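Chemist: Since each chain sits alone in its own frame, please combine them into the complex, following the hints.
Chains as they are written, first to last, in our numbering: chain H, 346 to 816; chain F, 412 to 908.
A portion of the hints provided could be inaccurate.
[Said to hold, decoys possible] The list that follows gives simulated cross-link-like pairs (lysine-lysine, DSS-like), each with its CA atoms no further than 27 Å apart:
| no. | chain 1 | residue 1 | chain 2 | residue 2 |
| --- | --- | --- | --- | --- |
| 1 | H | K766 | F | K518 |
| 2 | F | K522 | H | K766 |
| 3 | H | K774 | F | K518 |
| 4 | F | K444 | H | K772 |
| 5 | F | K522 | F | K444 |
| 6 | F | K852 | F | K710 |
| 7 | H | K766 | F | K710 |
| 8 | F | K518 | H | K772 |
| 9 | H | K776 | F | K518 |
| 10 | F | K522 | H | K774 |
| 11 | H | K772 | F | K522 |
| 12 | F | K576 | H | K694 |
| 13 | F | K576 | H | K774 |
| 14 | F | K576 | F | K518 |
| 15 | F | K522 | H | K786 |
| 16 | H | K694 | H | K766 |
| 17 | H | K766 | F | K444 |
| 18 | H | K766 | F | K576 |
| 19 | F | K576 | H | K772 |
| 20 | F | K522 | H | K776 |
| 21 | H | K786 | H | K694 |
Rather than coming from a laboratory, the hints here were simulated on the basis of the structure.
Small disclaimer: the values here were computed from a predicted structure and weren't measured.
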Amino acid sequence: MINLDLIFPEIFLSLAILFLLMVGVFKKNSERLVYNLSTILFIILLALVLNLFSIEEKMIFNESYKIDPLSSFMKSLIIVSAVFVMISSFPYLKSLNILKIEYPILILSSVLGMMIMISSNDLIVFYLGLELQSLALYVLAAFNRDNVLSSESGLKYFVLSALSSGLLLYGCSLIYGFSGSTNFTYIANTSSSIEYGVIFGLVFIIVGLAFKISAVPFHMWAPDVYQGSPTSVTLFFAALPKVAALTVFIRFLYTPFINLIDQWQTILVFISIASMVFGAVAAIGQSNLKRLIAYSSIGHMGYALAGLASGTNQGIQSSVTYISIYIVMTLAFFSCLFMLKKKEVFYEKIEDLSGLSTNHPILSIAMLVVLFSLAGIPPLAGFFAKFYIFTAVIEQSMYFLAIIGLLSTVIAAFYYLRLIKIIYFDKPKEKFETDHTVGLKFTLAISTGILVLYFLYPGLLNEVISKISII
Amino acid sequence: MSFPILSSLIVLPTIGAMFILFGRSSSNYNSAKYISLFVSLANFILSLYLWFAFDKNSSDFQFVEEREWIVNFINYKVGIDGISILFIILTTFITSLCVISVNSTIKTRLKDFLVAILIMETMMIGVFCSLDLVIFYLFFEAGLIPMFLIIGIWGGERRVYSAFKFFLYTLLGTVLMLVAIISIYWMTGTTDVIELYEIGINTKYQNLLWLAFFSSFAVKTPMWPVHTWLPDAHVEAPTAGSVLLAAILLKMAGYGFIRFSVGLFPVASEYFVPLVFTLSLVAIIYTSLVALMQEDMKKLIAYSSVAHMGFVTMGIFTMTPQGIEGSIFQMISHGIISAALFLCVGVIYERMHTREISKYGGIVSVMPRYAVVLMIFTLGSLGLPGTTGFIGEFLILIGTFKVNFLVATIASLGVILGAAYMLWLYRRVVFGEIKNMEVNKLVDLNNSEMIILSILAFVSIFFGFYPDPLLSSTSASVESLIDLFNSNLKIYAASNL
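Same shape as in the complex, but just chain F (with noise of 0.2 Å):
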């Protein structure tokens, strides 16, 4: 048996936290910094070797492990394939950098929060490389626990409240799939998904299935009507904790539609096609409109994570290897420019110490360099070419076209809102006059700064201009995903003929 890399990936950050919860620790908290970064970076590093280990072009699932846990009953089951690989890397990644800047970020209780961030990081690996829905399940909702925590302590005025409505909105929609994956257990006799895969399931039930395992993706996406939490969430969390609010846990969702919706219920995923489409619209065209109006700098962003995500279930839904795999593009993208811009607000929030627009304006003529750093995300996150964001829409687009034009073109109006929020929201921080005094006292980004925000745009315009490595890591398995389906669909049409 070959050295298990990804339980390591997973239990190293529990192990770190372990450390620096039970250490003892000076009053700078240095050694629980240095373990957790010592953690994090150890981490990235291995699951980059992931990625050079990795058979591109095998649609198989690699590194699997397997153990017996319950007897008869549940095998604890890892592995992964090209669709999760990259999660791994973007979840890891931005762990490393949460830590790396959680020192201006975080003023009180520091030791509490590398905690909470390291066994969050070990939660969010789990849920992209199980392979047993329950196994699943486990990690998809112990990430609530950390999670609540970072926005119940280290958030705003709010806090509470978003906390709550954050814990009682995703456990709401979780229990409906632990019902689901409890039934698929007793119908199948497994809840091994690769087998689930082979052996398929009811065409009678999977309208049903499908929609518990909807009601609780669709809640974490969060796709319209069920968005209110994040707002909230989001804006009271502390900028490391909207950083891995937005660019991991959102993505959860995205996966397990693809992974569980897609996979596992082809019939049931054709037919929920118009509603999925329907909210995803709704999502793209009326969330870009509230954020037009925005008066709060992180609640803009955040109803444009809304949208962006309306973008990725579009795409996963289209059932087209454009649609999906623009679609894990468009995650991995958004996943690198929210967590810049999140950090990039959290800049300077940490200066003003107010998340007003109307507080700001003319920051150009003080902080040239985030003027510069702010530019190249806003453009980013509104899909200009040459950046990570506008692939991902590109070929979610050209998926879409495919199947509904009209779809597509109301979305691609959504596309121009975008750009017409991000640019209004440049335009009113960073130039015009200077209003406020306080503006005038801004320092520019310092060194750490610089550096963090520097490795994202050179990430984000990198993957811009050279988006082959990523997308041939998932084409493989998209493509064997797609197959499954289409020969599911066959199946199922020809039964019913």
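Chain H on its own, in the form it takes in the complex (with noise of 0.2 Å):
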């Protein structure tokens, strides 16, 4: 009898997503209900995902479908951050009139493909729900269809993801030619001896993968696709897909190619310091902040996969922690992003930042803060990020990966600082509404405290994260 519990969050988010799409089909104007559901609808699923933190390890499904710490952590990170892009990003969505019914259930939809690709333990599995979330995804990128901009970001973004998706598909039929399996334990047992179909194999899901966190070389879509996407849009395409793809290349480079270490490591660790470099030195010429936050999370994407590089648990734990601050500190960011508003037009461009400090001193500090977050400055969060992930690389005497990576923080710091020059050292210019929901207020509130306080009690969420044990 297979325990159905286990996948109780899953169905109930499918049940809900179907039952939603009728009361927005069927009730007139019923955009702002479907809204507030959705987000009252992630409530329960989160405590319903936090039912499930306790289970060890277990599998369902012919050992297709696994939930261990890991899953539950991730999941419920995936909760937490959707519920606080729905409550922060409600006032851009009215302000841009494109509040439609589909906007939420697509939200959900991508959640729950997100939520299987992170406890599949099978390609065919995996492949649903990264295809789930990616669908969902391109309409959402196109989703202000009288936007030029944000019409050609939903059609780059689904002609290189389908790329990609091809690019993974032929990886796994290759594995599943030569290891005879799609499961990951079962491939685990085979794969021991190097055979070179494999090895194609497990470097063409990389690709499909390292394109889906937007990793360097496969991160040319990432700079179009957020500036062209509704801000809110870029919020979810900055924080979600990328912890459900991270798991992913967790789950799938420990479990069932944890043998061919040697062969993926170089390739990690070459993706890493690509990433790393190339996000600190492409941002510098951006004057667009939707832009420049592209390229500062291909940097950060490269600093989470040098954890993963390392091949240890620690860095595996490390990686996971650095997911977590880095979303904390998008929320943060886009949270001061919506904020930038003025008679219903929002201002993205750096130039607008100009002395906002005079006129905006609280909402300057925010900034300050998540800025000098991002770059890894301490005592905030995004400083203890990087030094777990270089704690886990130095351990494994990966010298030459620290320190391109602690040199790319210096480069990076640069055009945060340069934000932090133009919003403190520059004249005033714009006059920004103050008015805001008490939704996006919340959000920046709590995510800049979080980057604040985080340093009191690391513990918190250290306790937590060790529990996630792959190896």
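Modeler: Okay, here's the thing in structure tokens:
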């Protein structure tokens, strides 16, 4: 008898999506209702997932679906950030007039896809989850359909993403062909000897996943899509899919292919170094805040992958910590962006920040915290994220990776400092509206609070994450 | 468990800063001023109490507080010994003076400035009393944030350039130190400084680790050739910022050299003595010559700081009790005197809005009180007997003569150059005929300026004649440090036979 309790959150979410779709279709003008219901739904879902937190490791459906501390933590992370994404982006959607019933439903489906990805222990299940979340994301990217940039970004994301899915699928079929199974656990038992077909498959899948988390050299879509999509969708893009893809990265590399660590470690180190350096250098010339954060997130993914490249449990834990803190920083940054609003227009140019500190002292302090945290300056949370990563990396004596990584934080610090310079040192220019919704203020306060106060009890997060052990 | 006095010293300014930041304030910021004054004076008194309660005859760390911070990894550990106590008092003292002087020197965004200064104080005290490498790193680097803002918001024309230069230079130096700290953790299993003193670090890796720490401290000291951020940062920083920068920030690196470079890597320190001596000598001679040619008063004093810090690094790496005690004394003395000199420049800058030396001349006839005060500090800076400056330089030179005659001789020449540029500065500003009509309109020191400067002058002369209170608090710790150093070297030499 299959224990359906373990997959209850996913079942609940699927039913809820269908239900909300019906509500949206049969009840007129129910955008707000559906939106609010889906926010509440996320909170219930969070409770359901937290309920599974104590489970050590269980598999269902012929070992193709796995519930363990990693999946529970990543799912809760995704759902919590989805709640904050929902409550902070509401005013934005309203002002842009793109608050339709489809919007929350697409977000819900994409989250469902991510949850499946996170728990997958089988290539087919993983691929299904991936496609579900991607399809929802293509539509979301083009959601502001009257805007040329938005449509362009949707199309661009679709085409490039389809290409990467193709590569991924090709990799899956190679692995299936050479190992005889799609199940991670089964592959792990057969792939101890090096077969070239398996390695080719592995490389193809790494490429596909690197594309999903926008790591160099598969990052090309990110800046355009980030800039073109509606800001609320950009926030979603910048945060949630990366968590899911990173989890799959962890599972995929460390369950079936841990024996081939010599093969993939080099690839990962290269991707990581390239992302860190490229993210730091390319962001310097940007003038659009969303584009800038796209490059910055490329860099941040480089750091997260550096933890994975170490090949130890500690490395995995440091990557998970990194992505958690990265999400908080992203939320805080975008909450600040949502506040740069005047007469229903949202400002996203860097010069618009000029002299922000004179007119909006509190918002500027929040920005200051976020930017220094992104740059990794202590005592803010961003520093600890990097600190754990480099601790794990140096444990494996990968000094080259550590030194390049730290040097690129110095380069990256330059463009974060440039923003701070514009906010604090330049002459005041724009004066923005100050009447923000409670949800937005709450999101900003919570996320900045976490960034500032993290150093008081770093153990809080560590304790949860220390339960994650894959190897 | 006793009252956590060091932690209170660390958090008190930040609490004050939070009150200022989130409290409502009137347009003239009176409440902000009173809060910061209260907090900084309370901290000063607390640190004086610390000095009295401190056992001078013991070389152990005292007032140690330890708490688990990151489980199984890093403990929050603070404590002081004879080396750090003086720096803490210097920090609280100078911060109080900065807060008092802020009224006349800062015109815009006073509230933010006070917040930045108080947070800065937290970070600096943290640096001086942390006994864990990671905690030290946290405070060391976090201090960049307020300083970046102080230079960038309230600085002069090229403030953005110098703020960036300051930030990126220091960050570049410190990230290498972070790699070294993490490596030390994986080598020894701890980042606790006291434990590391006992365990010792594998001599094979000491040289590399030493260089990583050196890259960070050398930028911050600053040593030639990475000193170029300092003149820029100083010139553009507001008076109170310059005072903080010169008086305390530079000392973090000197302190780091004593506590970490010498203490943790004795073999490497011995190995790199020639390097440090060379760089220090270049700093002393070269920057003194550069100082001679400066047109800008603040730049001149900034270069003189580089030269003085050259003496400090030289003294530390003589590894003699005289040298190290002299270096500590010189740092304290330089903290007081350079703070006073920057305040003096600030005084006339407020009145004339120029720092160019050639615009002045003949001030003595309009500002007699100012001329006297400036005289005291000029003489203090060039090391006249009877001021703190003399004792520091004298001890350092004694220590150096013991170790290396040639280096000491060249360094002594630097003392002459120091006298030359300071006296020449004084002559050009204070004496001579009044060429600039503006000078006639200058008003002499007002009472609050007079009080601040006389306190500094008193301190400088008092400890110049009676240095014992300062030297006696450091000597026990310095001796134990040198014992540790020598015993480590012996073990190393024995193992190499």
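Chemist: Now tell me if each hint is right for this structure.
Modeler: Results for each hint:
no.: 1; hint: H/K766 - F/K518; result: holds, 20 Å
no.: 2; hint: F/K522 - H/K766; result: holds, 19 Å
no.: 3; hint: H/K774 - F/K518; result: holds, 21 Å
no.: 4; hint: F/K444 - H/K772; result: holds, 26 Å
no.: 5; hint: F/K522 - F/K444; result: holds, 8 Å
no.: 6; hint: F/K852 - F/K710; result: holds, 25 Å
no.: 7; hint: H/K766 - F/K710; result: holds, 24 Å
no.: 8; hint: F/K518 - H/K772; result: holds, 16 Å
no.: 9; hint: H/K776 - F/K518; result: holds, 23 Å
no.: 10; hint: F/K522 - H/K774; result: holds, 21 Å
no.: 11; hint: H/K772 - F/K522; result: holds, 18 Å
no.: 12; hint: F/K576 - H/K694; result: holds, 25 Å
no.: 13; hint: F/K576 - H/K774; result: holds, 26 Å
no.: 14; hint: F/K576 - F/K518; result: holds, 25 Å
no.: 15; hint: F/K522 - H/K786; result: holds, 24 Å
no.: 16; hint: H/K694 - H/K766; result: holds, 15 Å
no.: 17; hint: H/K766 - F/K444; result: holds, 26 Å
no.: 18; hint: H/K766 - F/K576; result: holds, 13 Å
no.: 19; hint: F/K576 - H/K772; result: holds, 21 Å
no.: 20; hint: F/K522 - H/K776; result: holds, 21 Å
no.: 21; hint: H/K786 - H/K694; result: holds, 22 Å
Of the numbered hints given earlier, the model fails none.
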